[in-house]
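Enquirer: The lines below spell out each chain.
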Amino acid sequence: MTETHPIGLSIRGGVKVYPGTRALKGVDFDLRMGAVNVLVGENGAGKSTLMKVIAGVETLTEGTIEMDGQTLTFRDKGDAVAHGIGIVFQELNLFPNMTVAENIFIAREPTRFGIDIDARAQSEAARALMKRLEQDIDPDAPLGMLKIGQQQVVEIAKALAQDARILILDEPTSALSATEVEVLFRVIDDLRAQGVGIVYISHRLEELIRIGDYITVLRDGLITGTRAMAGVDIPWIVTAMIGEGSKEFPRTKVANFGAEVFRAEDICLPRLGGGYAVDHVTLSVRAGEIVGLYGLMGAGRTEFLECVMAQHPQSTGRFYIDRAPLVERDVAGRIDRGLALIPEDRKRDGLVQIMAIRENITLSALARFARWFHINLRAESVGSAEFVKRLTIKVASAENPVSSLSGGNQQKVVIGKALMTEPKILLMDEPSRGIDIGAKAEVFRIMRDLAADGLAILFVTSDLDEVMALSDRILVMADGCIAGEFAPSVGHATVIAAASRQKIKDTAG
Amino acid sequence: MTALTAPKSTNANALLLLLRLRTFVALILVLAFFSWAAPNFLSTANAVIVSKHVALNALLAIGMTFVIITGGIDLSVGSIVGLCAMVAGWLMLNGINLGIGYTVWFNTVEIVLIACAVGVSVGIVNGVLITRLGVAPFIATLGTLYIARGAALLSSGGRTFPNLSGSAEFGTLSFPFIGAGKILGLPIIIWLLVLVGLLAHYISRRTTLGRHIYAVGGNERGAQLSGVKVNRIKMFVYMFSGFCAALVGVVIASQLQASHPATGETFELNAIAAAVLGGTSMSGGRGRIGGTIVGAFVIGILSDGLIMMGVSSFWQTVIKGVVIIAAVVVDQAQNKLQARVALQQEAANK
Chain R
13 MTETHPIGLS
23 IRGGVKVYPG
33 TRALKGVDFD
43 LRMGAVNVLV
53 GENGAGKSTL
63 MKVIAGVETL
73 TEGTIEMDGQ
83 TLTFRDKGDA
93 VAHGIGIVFQ
103 ELNLFPNMTV
113 AENIFIAREP
123 TRFGIDIDAR
133 AQSEAARALM
143 KRLEQDIDPD
153 APLGMLKIGQ
163 QQVVEIAKAL
173 AQDARILILD
183 EPTSALSATE
193 VEVLFRVIDD
203 LRAQGVGIVY
213 ISHRLEELIR
223 IGDYITVLRD
233 GLITGTRAMA
243 GVDIPWIVTA
253 MIGEGSKEFP
263 RTKVANFGAE
273 VFRAEDICLP
283 RLGGGYAVDH
293 VTLSVRAGEI
303 VGLYGLMGAG
313 RTEFLECVMA
323 QHPQSTGRFY
333 IDRAPLVERD
343 VAGRIDRGLA
353 LIPEDRKRDG
363 LVQIMAIREN
373 ITLSALARFA
383 RWFHINLRAE
393 SVGSAEFVKR
403 LTIKVASAEN
413 PVSSLSGGNQ
423 QKVVIGKALM
433 TEPKILLMDE
443 PSRGIDIGAK
453 AEVFRIMRDL
463 AADGLAILFV
473 TSDLDEVMAL
483 SDRILVMADG
493 CIAGEFAPSV
503 GHATVIAAAS
513 RQKIKDTAG
Chain W
289 MTALTAPKST
299 NANALLLLLR
309 LRTFVALILV
319 LAFFSWAAPN
329 FLSTANAVIV
339 SKHVALNALL
349 AIGMTFVIIT
359 GGIDLSVGSI
369 VGLCAMVAGW
379 LMLNGINLGI
389 GYTVWFNTVE
399 IVLIACAVGV
409 SVGIVNGVLI
419 TRLGVAPFIA
429 TLGTLYIARG
439 AALLSSGGRT
449 FPNLSGSAEF
459 GTLSFPFIGA
469 GKILGLPIII
479 WLLVLVGLLA
489 HYISRRTTLG
499 RHIYAVGGNE
509 RGAQLSGVKV
519 NRIKMFVYMF
529 SGFCAALVGV
539 VIASQLQASH
549 PATGETFELN
559 AIAAAVLGGT
569 SMSGGRGRIG
579 GTIVGAFVIG
589 ILSDGLIMMG
599 VSSFWQTVIK
609 GVVIIAAVVV
619 DQAQNKLQAR
629 VALQQEAANK
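Top line first, the protein sequences correspond to chains R and W. All residue numbers for the first sequence refer to this note's numbering, where the first residue is 13 and numbers rise by one. All residue numbers for the second sequence refer to this note's numbering, where the first residue is 289 and numbers rise by one.
Think of the hints as simulated: they come from the structure by calculation, not from any bench. Positions of the beta carbon are idealized from the N, C-alpha and C atoms, including for glycine. Just so you know, not all the hints are guaranteed correct.
[Unchecked claim] Away from chain W, derived, C-beta distances all over 12 Å, residues of chain R:
(1) F107
(2) I149
(3) L158
(4) S189
(5) G243
(6) P282
(7) R360
(8) A379
(9) F381
(10) P413
(11) G446
(12) E497
[As the list claims (entries may be wrong)] Below, a list of computed lysine-lysine pairs in the BS3-like style, where the Cα atoms sit at most 25 Å apart:
(13) R:K89 with R:K37
(14) R:K359 with W:K470
(15) W:K340 with W:K470
(16) R:K359 with R:K452
(17) W:K517 with R:K359
(18) R:K406 with R:K452
(19) R:K436 with W:K517
(20) R:K64 with R:K37
(21) W:K608 with W:K340
Construct the complete structure from the given sequences, taking the supplied hints into account.
Expert: Right under this line is the structure:
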């Protein structure tokens, strides 16, 4: 097999240090040409870092990259491109307002005399690329008209147009429907036959086994398994990903749950281009219960929370709070009924950066400090100071802009804002995203305390350890559906398997 | 804070304070310059005259400030001034003909209220276009700029409604008083400015409405997810801006005792200039009513002072432009300095 698949690029002793963490701890990686090299691991295992190193986005702290017997250093992405390495990021880098051909040749337009863009040559070249990829995409069509899957093909064509011999695909299927995945796999097959070396990163284990020729598993910055794909099964991958002794998180106290506080029935959110982003989801949360909603990228978790928070008028289904139907169609009405959301993206959705900490904390519950229109500023100060203290937010003064706080403290401000509305159920989307370990532990402690006080909490995460450690009950979402419901004592393997849509009972943890 | 960084950041803080108060500093500089360069400039009589000029622009600028704080813009205010002046003139001279040989006439108070209602209505149209139909504020209010101006021209066929001195029969004798009258020695327009200014300041600082206006401008999505009724807030700011413009229209019609359909042309630009000069950020979320009023005074004193000095009005236009750009350049400098001071403080705290 090694004969047929020559090594195109190899990394020896690769170490990458970020401030505070070692993302790669001495990695040896061989990339084989004319084959699909699969890279798998949990969030934070180092896949992305390794991929960025190959693509020239990041440089190694220690270790070497070798191609064709030569040791190379990529100063930047352009350097890697010059060596025939292309990358398709999970977030596509395309311009919806331009045509397919214009997108493929963006910033490298073929010109006459360096001025006039040769639109015909551009279109022809794009057409030839589409033919090579066996895709029926019109080079002159506006990109925004294409489906997501086709846009991904355009992104691949863009890499190929730069003579890429090595192509890195980062979670290429996360946003695709089943038929689009088939199209992508055909493209990958063609490229493999043409001798292109492909690095394929995905969380979907079945998919990896199907498409991959070689597999490399990362855990905590180390390679824990690397071999040809033949004979690999899901249990092997899971074991390599999470280790032999699966971590256990015993419950410290037996929780005493109250009545059902929140119930969602048959929630559907149609996806652009057919299918459902949220597919007939039904779930409920009881008072004092922490329910963890785990799922991979694109499983529909965030979309589900957005449905609850009235962000998708086209969604269908029924919500109940304290068994009474939730009929309010706007956010303000739903907050009044006792819902509160901690959004995933603090900067974009959670905070008004230029306002003071005090103003952010009280934003959702200003009416508490107001009679008619008039705000009692003193009561507001006292109220916000109370939450600053209760949530141990480290501030010099509550009058400082919220942007002056660290990520963890900003997150506490968002939590404070939600709690000030005296919610019955707290929805948290990736509550620990972008905050350091200390702050994370504090946020978890706060969540536990709130649940102990009888608050119902539904939190969404893509971090397996987090969902295992924190939940009283685990729900797993995959492809928009609830794919399983587990007690927290269940093994990591079961949860991962459910999330990657593998219905098994006998997988060892 | 270490001894090494302390004096440096004190300097920066002092400079920052100066930059924050820049509109006020500019006002003092302009006042000082003209009282030296133009004799009689600092007299009480002149101060009242200048204030009368400034008040019109300041009223428009107050409404504009709210709109800009939400991240929008209202280009239609100048046309609303013209339209409302024409509404007042029409009602004085023609009443409303019910078409059955019977005409309804209105007294002064009713005329003012109707004109204000018309101004608020244009604001409602702006608000609906922006919140319900998703038209960008610049385009929506550009459209109503033309529509309101066209309506004003249509109302009289482009002619002036003359002799709005009022009649005893219909209770409109008091109409000229709005523009010419004084209460406690001050012209009514100045009282209006004080009243609307205090109201707007109160709204911006002490009410849920005001807080929500800032939140919408600072992060519209975040505000919406926090339960702020974003559409309602936007409706309010355009309605309030229309109301301010209507007041100005009525006052001008009363001052001139005539209404001309071209009244208020380019007033919207002066209002934006005053708001920007007063520290309102065009990207939304930042701005103060007090700053806007001071900004309007800087612009007004500048033009009146230059007239008194005998500088050509063409040069005045150039100077006004320079001052506005300078204000924004200083604003940028302040932001950078502020970020640097914040970083220093953070470093010092650690």
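Enquirer: Tell me the numbers of any earlier hints that the structure contravenes, in ascending order.
Expert: Checked against the structure, the hints that fail are numbers 7, 8, 9, 10, 14, while the rest are satisfied.
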